[in-house]
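**Student:** Which chain is which? The protein sequence lines are P and X, in order. So the first sequence is residues 197 to 300, counted in our numbering. So the second sequence is residues 2 to 240, counted in our numbering.
Honestly, the hints are just simulated from the structure, not real lab data. We put the beta carbon where it would ideally sit given N, CA and C, even for glycine. Hints are supplied without guarantee of correctness; some may be wrong.
One side of the interface only, derived from the structure: several residues of chain X facing chain P at Cβ under 8 angstroms [what the hints assert, rightly or not]:
{"no.": "1", "residue": "L164"}
{"no.": "2", "residue": "M180"}
{"no.": "3", "residue": "L188"}
{"no.": "4", "residue": "I208"}
{"no.": "5", "residue": "L210"}
Over the 10 angstroms line for every Cβ pair with chain X, so calculated as not near, a few chain P residues [as the list claims (entries may be wrong)]:
{"no.": "6", "residue": "V260"}
{"no.": "7", "residue": "A276"}
{"no.": "8", "residue": "G298"}
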Amino acid sequence: MTAAWIAVLAVGAATIAIKGAGTLVFADRPLPRGVAAVMPLLAPALLAALVVGQTAADGRAVVVDARLAGVAAAAVVLAARAPLLVVLAVAAGVAAGARALGAA
Amino acid sequence: MADQATQPQGGVRMTGRRAISGDAIAGARSAAPIAIAAALFGASFGVLARDAGMGIVPPIVMSLTTFAGSAQFAVASVLESGGALTAAILAAVLLNLRYLAIGMSVAPALRGPAGRRLAEAQLAVDESWAVAQRDGRVERGRLLGAGLTLMVAWMSGTVAGVLGGSALGDPADYGLDAMFPALFLALLVGQLDGRRSRTAALLGGVIALALTPLVPPGLPIVAAALGAVFALTVREVRR
Numbered sequence: 197m198t199a200a201w202i203a204v205l206a207v208g209a210a211t212i213a214i215k216g217a218g219t220l221v222f223a224d225r226p227l228p229r230g231v232a233a234v235m236p237l238l239a240p241a242l243l244a245a246l247v248v249g250q251t252a253a254d255g256r257a258v259v260v261d262a263r264l265a266g267v268a269a270a271a272v273v274l275a276a277r278a279p280l281l282v283v284l285a286v287a288a289g290v291a292a293g294a295r296a297l298g299a300a
Numbered sequence: 002m003a004d005q006a007t008q009p010q011g012g013v014r015m016t017g018r019r020a021i022s023g024d025a026i027a028g029a030r031s032a033a034p035i036a037i038a039a040a041l042f043g044a045s046f047g048v049l050a051r052d053a054g055m056g057i058v059p060p061i062v063m064s065l066t067t068f069a070g071s072a073q074f075a076v077a078s079v080l081e082s083g084g085a086l087t088a089a090i091l092a093a094v095l096l097n098l099r100y101l102a103i104g105m106s107v108a109p110a111l112r113g114p115a116g117r118r119l120a121e122a123q124l125a126v127d128e129s130w131a132v133a134q135r136d137g138r139v140e141r142g143r144l145l146g147a148g149l150t151l152m153v154a155w156m157s158g159t160v161a162g163v164l165g166g167s168a169l170g171d172p173a174d175y176g177l178d179a180m181f182p183a184l185f186l187a188l189l190v191g192q193l194d195g196r197r198s199r200t201a202a203l204l205g206g207v208i209a210l211a212l213t214p215l216v217p218p219g220l221p222i223v224a225a226a227l228g229a230v231f232a233l234t235v236r237e238v239r240r
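With the hints as extra help, turn the sequences into a complete structure.
**Tutor:** This is the structure we're talking about:
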């Protein structure tokens, strides 16, 4: 078996198990009370972490690049209550523009 | 897709023998703009995987089974640079560990036999999970509608990239890599309805940023889940 197949099958099996563990372990019974209390707060915590990670992280380095310009511009139009499509277009457009101007 | 959405629940509309979930359509619609970016990143994954010597079928199988961009790029990058197989697998698993937490938050929304729940849980990716949030819970119809939309886009992109290369070049040239954090930011703003949620977001962001240089990629986001736990200690003030 090639290295590619080993990686694909190992990562695929692990990911399916990781994603499915919650629903298989907690089948037909509610989440433990402590866990259930945390769940509504998981979205803001993880969303903030995803924003930070996908804006400013490159591997283990914290970087400032064109993505930050795009996300900052998106934040501005978001504050002005622009629709989601506009927010996404502004993020992409500003990041692309910053890159064209030489930002990493 | 209609078959996936036949579960009786709020928002289901019967049309003849088929039930079409308005929620699934709403989820698909929310995911549509980001699906364009997902398709182009799928294509660039296909190109990178081909360059990394992964062949044609393995990258396509990977997009179907792993269905998580960052982990797939990590595997292809490590193999492309001649890195160790175990390092590639470990990096990908670490990047996907956050799905333990996401899978638990999805669990209460899923019903039916174990095989079906397991399959539906696979449609939870960061973006579909994010757009499926409703009143602090995951809404199943939206999760499946958004997840299937992104799956189709990711698979189509991967196949195109593996077979034909990406005629469009690097998605980053179009700033598409900034679309994902912008989506998460827009969805985050809608979540900030009280002191606890704002504390969770602040802690999650700070933890992720602080840990980025210190631990392998993937773990900062896993650790950010602790922000949700710490936020429980704050007295709730809704606003």
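**Student:** Determine for every hint whether it applies to the structure shown.
**Tutor:** Okay, the hints, checked on the actual structure:
1. L164: violated (16 angstroms)
2. M180: Given a least distance of 5 angstroms, the restraint on M180(X) holds.
3. L188: Holds: closest Cβ of chain P sits about 6 angstroms from L188(X), inside 8 angstroms.
4. I208: Because about 7 angstroms separates I208(X) from the closest Cβ in chain P, which is inside the 8 angstroms limit, the hint holds.
5. L210: holds (5 angstroms)
6. V260: holds (12 angstroms)
7. A276: Check passes; 12 angstroms lies beyond 10 angstroms.
8. G298: holds (13 angstroms)
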